[in-house]
Amino acid sequence: MAERLLTFSIFRYNPATPEIAPRMQEFQLDETPNMTLFIALNRLREEQDPSLMFDFVCRAAVCGSCGMLINGRPGLACKTLTQDLPDRITLMPLPVFKLVGDLSVDTGVWFRQLNENLEAWIHTDKEFDPKSPEERMDNALAQEIYEAERCIECGSCIAACATANMRADFVGAAGLNRIARFLIDPRDERSPQQVFEVVGTDEGVFGCIGLMACDDICPMEIPLQQQLALVRRKMAWAGLKGK
Amino acid sequence: MKWSEAHLTDVLVIGAGLAGERVAIEAASRGHTVTILSLVPPRRSHSTAAQGGMQASLGNVAMGYGDNPDIHFEDTVKGSDWGCDQEVARLFVELAPVAVRQMAQWGVPWSRVVPGKRTLPDGVEVEELPEKAGLIAQRQFGGTAKWRTCFASDGTGHVLQYAMDSVVVKLGITVHDRSEAIALIHDGKECYGAVVVSLRTGELRPYLAKATVIATGGYGRMYGVSTNAVINEGTGMAIALDTGVVPLGNMEAVQFHPTGIVPAGILVTEGCRGDGGYLLDKNLHRFMPDYEPVKKEVASRDVVSRWMVHHMRKGFGVDSPYGPHLWLDLRHLGEAHICTNLREVYTICANFLGINCVHELIPVRPTQHYSMGGVRTNIHGEVVGLSRLYAAGEAACWDLHGFNRLGGNSLAETIVAGMVVGERVAEFVKEAPLTFPFSLVEDHLAAQAARIEALRRRASGSEDVYVLRKKMEETLLEHVGIFRTGEGLQQAVATLQELYQRSQDLRLRSSGLGPNPELFAALRLPGMLRLALCIAQGALLRTESRGSHYREDYPQRDDVNWLKRTLATWPPGASMPVIDYEPVKITELPPGDRGYGTMPIK
Ligand SMILES: Cc1cc2nc3c(=O)[nH]c(=O)nc-3n(C[C@H](O)[C@H](O)[C@H](O)COP(=O)(O)OP(=O)(O)OC[C@H]3O[C@@H](n4cnc5c(N)ncnc54)[C@H](O)[C@@H]3O)c2cc1C
Ligand code: SF4
Ligand code: FES
Numbered sequence: 001m002a003e004r005l006l007t008f009s010i011f012r013y014n015p016a017t018p019e020i021a022p023r024m025q026e027f028q029l030d031e032t033p034n035m036t037l038f039i040a041l042n043r044l045r046e047e048q049d050p051s052l053m054f055d056f057v058c059r060a061a062v063c064g065s066c067g068m069l070i071n072g073r074p075g076l077a078c079k080t081l082t083q084d085l086p087d088r089i090t091l092m093p094l095p096v097f098k099l100v101g102d103l104s105v106d107t108g109v110w111f112r113q114l115n116e117n118l119e120a121w122i123h124t125d126k127e128f129d130p131k132s133p134e135e136r137m138d139n140a141l142a143q144e145i146y147e148a149e150r151c152i153e154c155g156s157c158i159a160a161c162a163t164a165n166m167r168a169d170f171v172g173a174a175g176l177n178r179i180a181r182f183l184i185d186p187r188d189e190r191s192p193q194q195v196f197e198v199v200g201t202d203e204g205v206f207g208c209i210g211l212m213a214c215d216d217i218c219p220m221e222i223p224l225q226q227q228l229a230l231v232r233r234k235m236a237w238a239g240l241k242g243k
Numbered sequence: 244m245k246w247s248e249a250h251l252t253d254v255l256v257i258g259a260g261l262a263g264e265r266v267a268i269e270a271a272s273r274g275h276t277v278t279i280l281s282l283v284p285p286r287r288s289h290s291t292a293a294q295g296g297m298q299a300s301l302g303n304v305a306m307g308y309g310d311n312p313d314i315h316f317e318d319t320v321k322g323s324d325w326g327c328d329q330e331v332a333r334l335f336v337e338l339a340p341v342a343v344r345q346m347a348q349w350g351v352p353w354s355r356v357v358p359g360k361r362t363l364p365d366g367v368e369v370e371e372l373p374e375k376a377g378l379i380a381q382r383q384f385g386g387t388a389k390w391r392t393c394f395a396s397d398g399t400g401h402v403l404q405y406a407m408d409s410v411v412v413k414l415g416i417t418v419h420d421r422s423e424a425i426a427l428i429h430d431g432k433e434c435y436g437a438v439v440v441s442l443r444t445g446e447l448r449p450y451l452a453k454a455t456v457i458a459t460g461g462y463g464r465m466y467g468v469s470t471n472a473v474i475n476e477g478t479g480m481a482i483a484l485d486t487g488v489v490p491l492g493n494m495e496a497v498q499f500h501p502t503g504i505v506p507a508g509i510l511v512t513e514g515c516r517g518d519g520g521y522l523l524d525k526n527l528h529r530f531m532p533d534y535e536p537v538k539k540e541v542a543s544r545d546v547v548s549r550w551m552v553h554h555m556r557k558g559f560g561v562d563s564p565y566g567p568h569l570w571l572d573l574r575h576l577g578e579a580h581i582c583t584n585l586r587e588v589y590t591i592c593a594n595f596l597g598i599n600c601v602h603e604l605i606p607v608r609p610t611q612h613y614s615m616g617g618v619r620t621n622i623h624g625e626v627v628g629l630s631r632l633y634a635a636g637e638a639a640c641w642d643l644h645g646f647n648r649l650g651g652n653s654l655a656e657t658i659v660a661g662m663v664v665g666e667r668v669a670e671f672v673k674e675a676p677l678t679f680p681f682s683l684v685e686d687h688l689a690a691q692a693a694r695i696e697a698l699r700r701r702a703s704g705s706e707d708v709y710v711l712r713k714k715m716e717e718t719l720l721e722h723v724g725i726f727r728t729g730e731g732l733q734q735a736v737a738t739l740q741e742l743y744q745r746s747q748d749l750r751l752r753s754s755g756l757g758p759n760p761e762l763f764a765a766l767r768l769p770g771m772l773r774l775a776l777c778i779a780q781g782a783l784l785r786t787e788s789r790g791s792h793y794r795e796d797y798p799q800r801d802d803v804n805w806l807k808r809t810l811a812t813w814p815p816g817a818s819m820p821v822i823d824y825e826p827v828k829i830t831e832l833p834p835g836d837r838g839y840g841t842m843p844i845k
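Heads up: the protein sequence lines correspond to chains A and B, in order.
Note that the working numbering has the first sequence beginning at 1, numbered continuously upward.
Note that the working numbering has the second sequence beginning at 244, numbered continuously upward.
Just chain A, with the same shape it has in the complex (with noise of 0.2 Å):
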């Protein structure tokens, strides 16, 4: 592979230095095989620019932490590869959510409030017995319920969504997918009619308007549009209507 330098215009803004406006600031930075935007942005920082904010944690494609607009596209910094992005790469921070600095960005409470508002934990009245075995489970309907779990609120989706980047509290695919995994589960007890009184409204299942941007943005490829559809069912089968 011919060596490439790469030039990076990168977002900048220090809440803590709001005299200095929101800026676009260029960098250079030679190619090494298998560079990663994690790689890279941690090369900028110490060797460049120490002040440059982002966000690594696990750096393997599992936390979500490190969603950003890569040349407009959100997606996951750690594991896009500088080989598949042309000579000039932009970076932003992800939209909808509060700005922390530079391409840093309050995910966890967004997620947390998204959480307690579709009180996403199993609801169940059930005492638990630390001297009883487990209760059954077939296999297939815990690997149907692991798919729906592997969402890593990074928020990519609901930066590609038309919807949520109007209204601040659309739940969005991720938190559609979220009922659906809890809609799945026996284990919660709660009914249909339960769950659709927290989302059967324009801020739930009905604001979406159906552009599906979320579809083939999500790192885990989660099938989020099936998803929809299948809480839209158990809507109609419970036998609510839309407004």
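Incorrect hints may have been included.
[What the hints assert, rightly or not] Over 12 Å on every C-beta distance to chain B, these chain A residues come out as not near it, computed from the model:
hint: 1; residue: Leu5
hint: 2; residue: Thr7
hint: 3; residue: Phe8
hint: 4; residue: Phe27
hint: 5; residue: Arg73
hint: 6; residue: Leu81
hint: 7; residue: Pro86
hint: 8; residue: Thr90
hint: 9; residue: Gly108
hint: 10; residue: Arg167
hint: 11; residue: Val198
hint: 12; residue: Asp216
[To be verified] Short, incomplete list of chain B residues facing chain A, as computed with Cβ under 10 Å:
hint: 13; residue: Val341
hint: 14; residue: Gln345
hint: 15; residue: Pro352
hint: 16; residue: Asp397
hint: 17; residue: His401
hint: 18; residue: Ser753
hint: 19; residue: Gly757
Treat the hints as calculated values from the structure; they're not laboratory data.
Built from N, CA and C at the ideal position, the CB exists for glycine as well.
Based on these hints, arrange chain B with the ligands on the given structure of chain A.
Showing chain B with the ligands alone in chain A's frame:
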């Protein structure tokens, strides 16, 4: 300081991984107010990255029939090379099944037993019985006599952390993420909370509590190449050490995992070998049976890692621009298995190596992975040396793991310890008053404010934080790794001492204002170097080989002189740790042969 800015809570949990959240849940569900601090949103904690599984002796699968806590106990003690606390190990093995089942009730989609016959990769045929259908399944991990590792497809840590955090959300427990504890507030006898810097703004705030819990995970990133998340920098252990009165236990016990990918260091799970994967050398020869005829690839991690490095030293490594490595071969497991139970591995290979591991070999070599050592506690999680302070999880030396942790025992430890320690914390805060010596809080806050001020002023100093840090990483990797010698360790201690001196003289290149990463790195570095010195000095003084600690100049385990735990403390203002020892409690299983890993290595 304005007292209105102080945050008050019954229980302050530093760390939102599995251990911290489990402690918090226990305390909160017993009616106490709890605040959790974390560098990152809880669900991004390092626990989430665990792929492989969690040990509990359920005995639901054919290869695990007859399993029970006694066998789990024996495996754990042997794995630890008799370095663990046997009372803790006993408590742990009894509670691990309870922990797994409770997590099932909280929503973890554990993989389940599917009845029927199947043939394992080595040709053995097993039958899963119909009466076990739908119970929680187990897979094989290294160093275990039975298949005991419960798992959820390829993402056990992820689903555990999400289920755990869902209960935290349900209970409405306060979480302050992007918050880093940088000092404990204490008077040498009791701990009153912590001084915390906001990673959103760079501002300081005191958190005051009746009880404080350290659950900050490991320090893997102090080694240049590690499977750990980049936030695993050991700061929780460092602030405990900084009190001058709290000892860190067995810091020289550092685990290397056999299969980090080259060069990124990302882990591919032990499940690869547990499920039947092979290790091959440059001649595509499967070499592990030559060294370990019985356990082969699934001996304990310290043993497999050592043989791998040994084999590469003999010239059988595969050359690469990043140094020699070996191959992990999964091809014979087949696409169906790889793409479900090992899908994470498949994805990692595709994303970070650009290869398809259904058809291609994976370049691997032993990589820093886990810290057995940590903040020394008793069996209840009470920290030695300072009351009102507790520790749990990887940050603690509860001492379940001694000198080598078994795969799958760490996730189980975080949750079991969380239950046990959480109960103790709840008991304690029920009676304890919420009072704080005013001037003590002010002094601790002022000391940290002064550090930050000095760094931001940039009036003096000449050292670059990233340069020093890189040197520390290299030093640990080179001299305090899998094979250790007196000479190398001496050199490591000397280099680290020099780096520690230089770290008192840091100068920021940037302004240090706001959520400034260079400022945060500069605040962490001196503490990390103190930890590094505890590791290196402990390793230098321990003139024997035990578990992961292998001294080429002392290649035998020495139970006469070294059946003891290292305790490192750091007196205020000192330039080196003080190293002390305590005996290891042997209650059930006297030291003997592990059944694998013969030493010395030849
Ligand atoms: C890649 C990988 C795979 C693994 N797979 C397995 C496996 O299959 N089975 C198994 O048993 N074990 C496995 N382990 C080990 C296991 O995952 C960890 O030991 C365990 O999850 C640690 O949990 P913890 O709660 O102690 O800490 P962590 O999950 O590391 O959490 C630490 C928390 O502390 C916070 N924190 C740290 N410092 C501070 C501070 N100064 N102030 C405030 N907050 C702070 C962090 O934000 C985080 O929330 C694996 C480890 C790795 C690296
Ligand atoms: S659904 Fe996919 S894109 Fe959306 S937050 Fe979850 S992992 Fe990210
Ligand atoms: S750093 Fe964890 S997903 Fe990118």
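To see whether the hints hold, each was checked on the structure:
1. Listed as a non-interface residue, Leu5 of chain A keeps its Cβ farther than 12 Å from every Cβ of chain B; the least gap is roughly 21 Å.
2. Thr7 of chain A, annotated as away from the interface, keeps every beta carbon of chain B farther than 12 Å; the closest lies near 22 Å.
3. Non-interface call for Phe8 of chain A relative to chain B: holds, since the shortest CB-CB distance, roughly 17 Å, exceeds 12 Å.
4. Separation of Phe27 of chain A from chain B is adequate, the least Cβ-Cβ distance of about 14 Å exceeding the 12 Å criterion.
5. Annotated as non-interface, Arg73 of chain A keeps its C-beta farther than 12 Å from every C-beta of chain B; the closest such distance is 16 Å.
6. The beta carbon of Leu81 of chain A is not kept farther than 12 Å from every beta carbon of chain B, the shortest such distance being approximately 8 Å.
7. No beta-carbon of chain B is positioned within 12 Å of the beta-carbon of Pro86 of chain A; the least distance is around 19 Å.
8. With a least beta-carbon separation of about 21 Å from chain B, Thr90 of chain A lies farther than 12 Å from that chain, consistent with its non-interface assignment.
9. A Cβ of chain B approaches the Cβ of Gly108 of chain A within 12 Å, the least distance being about 3 Å, so the stated non-interface status is violated.
10. Interface exclusion of Arg167 of chain A from chain B stands, the closest Cβ pair being 23 Å apart, more than 12 Å.
11. The Cβ of Val198 of chain A sits about 14 Å from the closest Cβ of chain B, beyond the 12 Å cut-off, so the non-interface label holds.
12. Asp216 of chain A, annotated as away from the interface, keeps every beta carbon of chain B farther than 12 Å; the closest lies near 17 Å.
13. The interface hint given for Val341 of chain B is met, as the beta carbon of that residue sits about 5 Å from the closest beta carbon of chain A, less than 10 Å.
14. Checking Gln345 of chain B against chain A: minimum C-beta separation of about 5 Å stays under 10 Å; hint holds.
15. Because the smallest distance between the Cβ of Pro352 of chain B and any Cβ of chain A comes to about 4 Å, under 10 Å, the interface hint for this residue holds.
16. Contact between Asp397 of chain B and chain A, as hinted, is supported at the beta carbon level, the nearest pair being about 9 Å apart and thus within 10 Å.
17. Proximity of His401 of chain B to chain A holds as hinted, the smallest CB-CB distance being about 7 Å (cut-off 10 Å).
18. Because the closest C-beta pair between Ser753 of chain B and chain A is about 4 Å apart, less than 10 Å, the hint holds.
19. Checking Gly757 of chain B against chain A: minimum C-beta separation of about 3 Å stays under 10 Å; hint holds.
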